[in-house]
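Protein chains: 6
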Amino acid sequence: MSDRTLLVLTAHPGDFVWRCSGAIALAVSRGERVVIGCLSYGERGESASLWRKGFDLDQVKAQRRAEAEQAAAVLGAEIRFYDAGDYPLQETPELRQQLIALYRELQPSVVLTHAAQDPYNDDHAVAHAIALRARVFAQAAGVQAPGEVIGAPPVFCFEPHQPEQCGFLPNVLLDITPVWDRKLEAMRILAAQAHLVTYYTELGHRRGTQAARNSGPNLGLPTEVFAEAYQRIYPQVTQELT
Amino acid sequence: MSDRTLLVLTAHPGDFVWRCSGAIALAVSRGERVVIGCLSYGERGESASLWRKGFDLDQVKAQRRAEAEQAAAVLGAEIRFYDAGDYPLQETPELRQQLIALYRELQPSVVLTHAAQDPYNDDHAVAHAIALRARVFAQAAGVQAPGEVIGAPPVFCFEPHQPEQCGFLPNVLLDITPVWDRKLEAMRILAAQAHLVTYYTELGHRRGTQAARNSGPNLGLPTEVFAEAYQRIYPQVTQELT
Amino acid sequence: MSDRTLLVLTAHPGDFVWRCSGAIALAVSRGERVVIGCLSYGERGESASLWRKGFDLDQVKAQRRAEAEQAAAVLGAEIRFYDAGDYPLQETPELRQQLIALYRELQPSVVLTHAAQDPYNDDHAVAHAIALRARVFAQAAGVQAPGEVIGAPPVFCFEPHQPEQCGFLPNVLLDITPVWDRKLEAMRILAAQAHLVTYYTELGHRRGTQAARNSGPNLGLPTEVFAEAYQRIYPQVTQELT
Amino acid sequence: MSDRTLLVLTAHPGDFVWRCSGAIALAVSRGERVVIGCLSYGERGESASLWRKGFDLDQVKAQRRAEAEQAAAVLGAEIRFYDAGDYPLQETPELRQQLIALYRELQPSVVLTHAAQDPYNDDHAVAHAIALRARVFAQAAGVQAPGEVIGAPPVFCFEPHQPEQCGFLPNVLLDITPVWDRKLEAMRILAAQAHLVTYYTELGHRRGTQAARNSGPNLGLPTEVFAEAYQRIYPQVTQELT
Amino acid sequence: MSDRTLLVLTAHPGDFVWRCSGAIALAVSRGERVVIGCLSYGERGESASLWRKGFDLDQVKAQRRAEAEQAAAVLGAEIRFYDAGDYPLQETPELRQQLIALYRELQPSVVLTHAAQDPYNDDHAVAHAIALRARVFAQAAGVQAPGEVIGAPPVFCFEPHQPEQCGFLPNVLLDITPVWDRKLEAMRILAAQAHLVTYYTELGHRRGTQAARNSGPNLGLPTEVFAEAYQRIYPQVTQELT
Amino acid sequence: MSDRTLLVLTAHPGDFVWRCSGAIALAVSRGERVVIGCLSYGERGESASLWRKGFDLDQVKAQRRAEAEQAAAVLGAEIRFYDAGDYPLQETPELRQQLIALYRELQPSVVLTHAAQDPYNDDHAVAHAIALRARVFAQAAGVQAPGEVIGAPPVFCFEPHQPEQCGFLPNVLLDITPVWDRKLEAMRILAAQAHLVTYYTELGHRRGTQAARNSGPNLGLPTEVFAEAYQRIYPQVTQELT
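Protein chains in written order, with UniProt numbering: chain A, 1 to 242; chain B, 1 to 242; chain C, 1 to 242; chain D, 1 to 242; chain E, 1 to 242; chain F, 1 to 242.
Misleading hints may appear alongside valid ones.
Repeated chains share a single entry, so a pair holds when one copy, or any two copies, can fit it.
Here are the computed lysine to aspartate or glutamate pairs in the DMTMM-like style, where the Cα-Cα straight-line distance is at most 25 Å [what the hints assert, rightly or not]:
1. K53 x E224
2. K61 x E94
3. K61 x E185
4. K53 x E148
5. K61 x D3
6. K61 x E148
7. K53 x E105
8. K53 x D3
9. K53 x E240
10. K61 x E224
11. K61 x D122
12. K53 x D83
Since the hints were derived computationally from the structure, they do not count as laboratory data. Predicted model only: the values in this text are computed from it and were never measured.
Hey, can you work out the whole structure from these sequences and the hints?
Take a look at the structure:
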């Protein structure tokens with residue numbers, strides 16, 4: 001059993017499924033703990049089909065929560081909800097304190113979150129900023145919150161829907177071929193968005209092809225690979241260039 | 001004994017000492033083969049003190065070569081010279097063919113070279129372009145040269161003298177603390193530039209301090225660390241985010 | 001009569017005159033509806049001459065409003081005022097709801113607003129952010145507001161006073177030669193800033209000269225052209241490359 | 001019959017099929033003339049499977065030429081070959097003069113070529129530079145070459161294989177749904193690269209989905225759309241913002 | 001006695017010592033007035049060692065204040081504290097009004113503050129934004145505050161801890177060799193952070209070496225130079241290129 | 001009499017008049033020596049009106065030379081011609097040696113040249129690269145050429161015709177009001193391009209207005225100012241922030 005913990009912070013419940021469930025399933029497959037923090041239920045911005053069916057606000061939230069819990073279970077991850085509202089998602093002192101406490105409780109080894117900009121969905125940029133600030137605050141002995149201060153876990157941004165328009169420059173391609181079936185199963189739970197399953201399957205295939213083209217001679221990726229793209233925020237610290 | 005090979009391509013002989021001898025010594029310490037390709041002797045652009053002593057061109061080259069061989073020996077690396085001229089360094093068809101052959105002979109697992117721009121020394125930018133082009137050509141079955149085509153080894157740019165002016169964005173910090181004494185010994189061989197030993201010792205210390213601040217909670221860097229900064233060119237392909 | 005609607009969202013009343021009254025007059029000349037939303041009266045930041053005359057706050061606002069209404073009338077556009085304050089302009093929940101309702105009421109085919117940055121006037125950057133966020137929120141079925149959700153109208157940023165310092169990269173040059181007299185008349189209404197009439201006449205001429213140099217062989221711009229520069233935010237979707 | 005001419009300048013024969021055959025087929029469907037200029041046969045860099053079959057240089061060129069002619073015919077375009085060599089493609093005075101003459105002969109209304117950078121294939125960057133320089137030289141009355149000087153046709157870069165790594169920022173999405181079957185047929189001619197048909201079908205679908213998300217309310221894209229992405233080099237000159 | 005005034009606005013008390021005390025000491029040595037405005041005491045984010053000793057909030061603030069006053073005294077500068085809180089530092093209407101009044105009172109000839117971004121400490125970015133906004137507001141006759149409106153003093157950002165990660169591009173190197181002993185003495189007052197004295201001494205030396213390499217032939221920098229790096233925000237207005 | 005020398009290196013004869021004759025006249029007015037090096041006569045790319053009159057190549061060159069000599073005389077500057085050809089301008093070993101010798105002969109205190117990119121005229125980018133490389137080579141004791149090695153004179157790029165499209169970011173605004181009449185007289189000599197006199201007069205006025213808005217409180221620019229914009233390449237080294 002690993003003592004490593006992966007923390008995933010997202011604006012809306014769908015994000016962890018479409019954008020980084022491969023990374024989640026890989027971590028789980030290595031025996032790591034994975035905790036997903038959903039800052040909102042995506043109740044206003046990403047639930048159009050439910051509103052069109054006549055759901056009210058509580059029903060929308062309940063439905064989005066149920067789906068997200070099911071997807072997290074498929075992946076083997078824990079999930080927590082912060083119900084901070086979307087469109088706009090906003091940083092309140094309460095939310096900030098909750099996230100500082102979360103960082104200190106989990107002592108994550110790695111953090112995943114949104115990219116810094118998204119002109120199609122400002123909540124994503126806000127979630128990025130909240131996630132980074134809370135990480136820095138959790139490092140400070142002078143910030144009052146339960147638990148011990150944390151180190152400096154690396155942060156990776158997962159891929160937005162239209163990467164070039166978001167200034168997203170992928171500098172890590174994660175080979176998720178061994179857990180592709182897990183990702184596919186998790187995506188299928190979000191049934192109201194069936195066309196997105198195709199979209200993200202094609203994207204996974206595309207990033208996999210790129211991973212193969214960028215591989216060193218010794219990695220030996222199989223022909224049919226799937227990958228997820230990430231942008232590392234802080235410099236990688238390492239003892240070997242590979 | 002590792003079957004990995006590190007290839008270092010530089011414009012001038014001093015570059016591998018000041019900029020990446022930590023990476024070289026680390027690779028050697030893991031049992032890897034390291035081959036340094038010096039495209040020129042730096043005879044015009046980086047040998048002012050020898051010219052001022054009255055050396056002629058052949059003497060300058062011989063002196064630069066001798067120092068470089070000595071430094072490579074201290075590091076445990078092989079070194080080859082291409083004598084392609086400096087100020088300006090230029091890509092000739094002959095040099096291109098020699099480098100394609102070198103890539104195919106060595107089948108390098110990792111490549112180190114200069115950053116893409118340097119307004120203080122255009123030879124550095126030229127060497128970067130030559131190194132990348134030769135790598136791509138060596139991948140192509142249709143390019144006639146001895147040996148088998150190569151895979152896609154990752155390329156890392158080492159740090160230029162004035163990084164911000166060269167658009168150098170370090171995204172990898174390599175902890176070279178275990179081999180710092182090797183780097184120091186290699187630097188001291190380049191005796192005519194004693195003030196640079198201080199300069200690069202301070203830089204190593206600075207990058208080490210930054211490495212410590214960017215480390216995840218589990219790396220456990222010691223207090224007194226030395227590091228070298230690199231910029232990875234192509235996306236990292238990996239099976240684990242760390 | 002066109003069924004197209006142009007929506008212009010600005011921080012202060014002068015902005016639509018100096019920066020995009022050519023686009024407004026062109027749209028009106030094609031029979032389109034144009035609605036200008038002024039988020040503030042520019043009462044503190046852009047009314048120095050009125051304060052120096054001894055006007056109080058209400059008088060300043062009334063004067064700026066009167067001028068803006070007159071300029072809009074000259075151009076043939078409707079204008080609405082939101083009186084949200086300037087220096088600083090701030091996004092309140094009320095303003096956000098008003099703008100979402102505005103988008104849904106108008107169902108604009110095109111949106112004009114400020115560029116994303118302006119180190120000389122932060123209100124401009126704030127207005128940009130407000131305009132983009134309200135557009136995205138107005139697209140979402142889950143956001144409660146009167147009217148139907150909107151599509152994805154293209155957004156164009158008009159030119160700031162010092163474009164290079166604002167990161168403004170003009171990628172559209174709009175030929176406003178046929179309506180230049182309208183723009184000139186509108187500019188002259190803002191009498192307190194007579195030197196700006198010269199400044200923006202010269203700018204219109206400059207952008208016109210550049211338009212001529214960038215034109216394909218079939219556009220046939222006349223020798224004396226005036227143009228306005230814009231930066232398109234989202235990719236152009238088209239069925240023909242021209 | 002249109003009097004417009006589309007000029008496509010590529011480094012290798014496959015490029016016009018994978019990257020812009022939708023734009024070619026659309027232009028043909030509007031009655032425009034389309035001329036493709038292939039600067040090389042891609043004989044060394046992009047013909048690995050032929051070399052592995054034991055073809056010699058002339059055989060490789062002949063095979064690439066035959067395929068390209070067949071694909072051009074399917075699309076309804078003319079094609080010319082310049083046989084300037086690849087890996088590396090280089091600008092010679094002869095090639096420059098030929099291209100200046102081509103520009104003057106065709107008087108193109110639009111030009112398509114590669115993006116400015118490609119760290120995976122330097123020939124692409126070289127072709128971009130050659131295409132732009134020849135266009136500027138063809139505008140100058142003082143440059144001796146047959147034909148009349150040209151105007152300033154807009155230039156669009158088509159999408160490279162790994163767009164983010166090439167600094168490619170798509171600012172035009174071209175809806176190619178009506179001619180998708182043409183593109184598919186052209187791609188299938190390049191039989192040795194069957195996996196690329198899937199790759200570029202998925203890419204067409206991906207860019208189509210993004211086109212739908214970026215469309216104004218009046219474009220009415222169908223649900224199943226295909227698109228190609230382009231980056232416009234020079235500012236668009238227009239009389240209407242759309 | 002000069003009639004020039006240097007205004008330094010920082011997020012935390014240590015910043016003016018590490019990052020720009022050379023500029024402060026130089027200005028004082030020319031007879032200029034220097035006023036430092038500390039927006040917070042850095043009580044939570046930059047006082048870990050005091051919290052670990054068991055200090056309470058008031059004690060931490062008092063200690064940080066005392067040290068800062070002592071360092072300012074060594075440098076010959078005035079210092080004012082705004083106690084606006086850190087981690088996060090936030091812009092309140094009260095703080096904004098205080099800073100507008102400060103600008104009008106001092107009529108600064110030059111302003112120093114943080115760089116626009118810092119992913120390691122968001123307070124730095126906030127302080128930058130506050131400082132720039134207050135400067136612009138202080139220029140406006142319509143903004144109510146004591147004193148006369150100000151002109152347009154140039155703004156220089158001092159160097160962050162990890163410049164490349166903050167997008168910091170040094171375009172001014174200030175030779176602080178004549179006052180290096182002052183900077184060293186001021187740094188030594190911040191005793192709890194002794195390792196930083198080494199870090200910033202090495203940085204001063206590094207920037208000094210770069211200053212020497214960038215100097216025109218007539219400046220005649222001594223061999224052993226110290227410098228501080230700055231990034232100028234607005235264009236330099238001058239009557240001579242030097 | 002000053003001992004300072006300003007060196008101006010341009011691709012074509014018109015460039016020094018339109019883009020930096022203000023800087024030249026200012027330097028002359030301070031008693032400095034100014035030497036202009038024209039790398040070509042702009043005989044092909046910038047002499048359309050002469051070709052249309054039926055001039056042959058020698059006549060075109062003679063005419064451009066005569067005009068340039070006359071303009072230089074008006075400004076009080078020396079001028080030298082290198083006749084290296086335009087469209088394309090190319091760096092030959094001979095040209096390089098001539099320029100190294102020029103640098104060493106003049107020992108310039110400041111260098112002016114083109115910006116690094118110009119998609120409208122590649123000769124400008126080539127001239128920039130040549131000028132920078134020759135400067136670096138002239139610094140090296142090992143490069144054989146007459147004269148003593150030079151220091152590190154600052155380099156300023158003057159403004160291209162379409163600055164935003166060239167990535168030109170003005171960071172210096174030079175107040176040329178005192179010598180505006182000199183610039184106007186020099187421009188009028190280039191009679192074949194009368195419309196450019198208007199264009200550059202408007203530009204001078206525009207940059208002057210911006211200079212006024214960016215001025216510190218003590219500069220006291222007059223209301224009617226003219227300025228030229230420059231981009232400094234290397235960091236400014238200074239002993240005072242102003």
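Each hint, compared with the structure:
no.	hint	in the structure
1	K53 x E224	between (39 Å within a copy, 24 Å between copies)
2	K61 x E94	both (20 Å within a copy, 24 Å between copies)
3	K61 x E185	within (22 Å within a copy, 47 Å between copies)
4	K53 x E148	between (46 Å within a copy, 16 Å between copies)
5	K61 x D3	neither (33 Å within a copy, 38 Å between copies)
6	K61 x E148	between (33 Å within a copy, 22 Å between copies)
7	K53 x E105	between (39 Å within a copy, 23 Å between copies)
8	K53 x D3	neither (44 Å within a copy, 30 Å between copies)
9	K53 x E240	neither (54 Å within a copy, 38 Å between copies)
10	K61 x E224	neither (38 Å within a copy, 30 Å between copies)
11	K61 x D122	within (20 Å within a copy, 32 Å between copies)
12	K53 x D83	within (22 Å within a copy, 37 Å between copies)
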